[in-house]
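S.K.: Build the full structure now, drawing on both the sequences and the hints.
The listed protein sequences correspond, in order, to chains A and B. Residue 159 in numbering that gives the first Met the number 0 sits at position 160 of the first sequence, with consecutive numbering throughout. Residue 29 in numbering that gives the first Met the number 0 sits at position 30 of the second sequence, with consecutive numbering throughout.
None of these hints come from the bench; they were simulated from the model. Everything numeric in this text was worked out from a predicted model, so none of it was measured.
The list cannot tell twin chains apart, which means a pair is met if one copy fits it or any two copies do.
With a cut-off of at most 27 Å between alpha-carbon atoms, the simulated DSS-like pairs for lysine-lysine come out as follows:
1) K83 to K24
2) K106 to K135
3) K54 to K196
4) K252 to K130
5) K106 to K90
6) K233 to K106
7) K280 to K235
8) K24 to K293
9) K106 to K235
Protein chains: 2
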Amino acid sequence: MEITFLGTSSAVHSYERNHPSIVIKAFGEVMMFDCGEGTQRQLIYAKISPMKISKIFITHYHGDHILGLPGLLQSMNFRGREKKLTIYGPKGLNKVINAIYNLGFTKIDFPIEFIEIGSEIVEKTKEYIIKSQEVKHQVPSLAYSIEELKKPRFLREKAIELGVPVGPDFGRLHNGEEVEINGKIIKPEQVLGPPRKGRKITYSGDSAPCEEMIELAQDSTVLIHESTYVNEDKDKAEEHFHSTSSDAACIAKESNSKRLILTHFSTRYQNTDQLLNEARKIFDKTETAEDLKKIEL
Amino acid sequence: MEITFLGTSSAVHSYERNHPSIVIKAFGEVMMFDCGEGTQRQLIYAKISPMKISKIFITHYHGDHILGLPGLLQSMNFRGREKKLTIYGPKGLNKVINAIYNLGFTKIDFPIEFIEIGSEIVEKTKEYIIKSQEVKHQVPSLAYSIEELKKPRFLREKAIELGVPVGPDFGRLHNGEEVEINGKIIKPEQVLGPPRKGRKITYSGDSAPCEEMIELAQDSTVLIHESTYVNEDKDKAEEHFHSTSSDAACIAKESNSKRLILTHFSTRYQNTDQLLNEARKIFDKTETAEDLKKIEL
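M.R.: Listed below in structure tokens is the structure:
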């Protein structure tokens, strides 16, 4: 799994930080989370082809999280995209998409599926599960998690002991199928180890601290959490339904996450030192997101 | 007059070139021409405050020329803008603006005046005149010129000879008012020199070469002309109603312009050498626009 931060500002972008967008490459897919203005240019800098993106997950419809969509879709079309794109977002997606299609002489010929979601399992394959969770913001807003579904270890010695011949039956059992050996049924649970945790990435989008976020983020390998304000501006965070870096750190701690990456910084702070220091007092394994930073898990 | 190029690419932007936008500072106004995606970030790099922009002139409604508008307007609002903004554009402006207002939870409280225009005098003050001209593109498209209205020289000696006392009557006559001296009417034309050409900037927007463009650009100090293709791709230029750099150079020559600045380059060319060389064979005073390049006139 590879995370690339394309934009790490909050509503007002800066010299160093573009509006929010994250790309996660995992399980053969290239998935984008949010798409602020200028995201397609950041893709060039990050050397990620927009043509390979298969899914876009929008957290909410504030401009800083969506204004890169019209240009990205038009550019995909311009380059002759034929492959389907799926766009997920909270309630209101169709209104936003209608506006995108009416924004000038837009031409988008390739198939796009728009899926409005709430708190749910968005997608589940044998390899991974993506969940969305309604969180606390001024407008309907989602957080997302993507978790690897790791198979339990295959207990080779046990299988041999039970008379399973070395060969394709090993794979069948490991994939959860029963097999019959000399009239005797061997069940997968007889030859599989205990459940194993896969890698998990959780992204908060914009949200005030809330229980739902802690629940979604449970046992994350990486929790990417908004951190718009420092502690002394807690009143502003509350007023605008945002989090402080201390809020983000508490959520990382309470959710038993392994690593916290702060993002969505207000331009009112000259740098991220205070945000980072405040968070580290609560949760040591904290770092800051930077535009074009890549992380391999 | 100061020209700043914010974006100089064509429909596909690149590592070095953002989507089209130009800012002209003149006569106490900050005027923007086109506003491609990412323009507000380019403004940061160019150190131009979006709050000072009083007028935006759109050439046409292809995405690369307008997708920076929603974000720019939202940011102005976010920063508490109260000053009116005027946006000019060809037929279809209201449809585009409606889409902008419906693009997510957009909030724009400050007054914006939207003015649909064709070929006309857009604005005329004592100091300058702005004209728009319908040109040849796939969709309704305008070129613009902004021209300084320079007063004729005031012939001081002649005024004294006619009995005008040194003082405020000099200013009145220079401003085009008659004055009465000892019962005798002195008319401005008696004390003013011949008409003088002021500085003039013309911007083509997107257009195939056409007579209308030559007419609008007549005697420009600077002609900023699109130059999407080289000569050997003339068929593509014709197909998409664009110009080659040679077309742009011919227009500069035929319009008696002093200086030609090529812009709106296709990413199919590794650099602008061929475009520039072809143009210079026809019109020597040719140069290329680069993102964040500033020109003082």
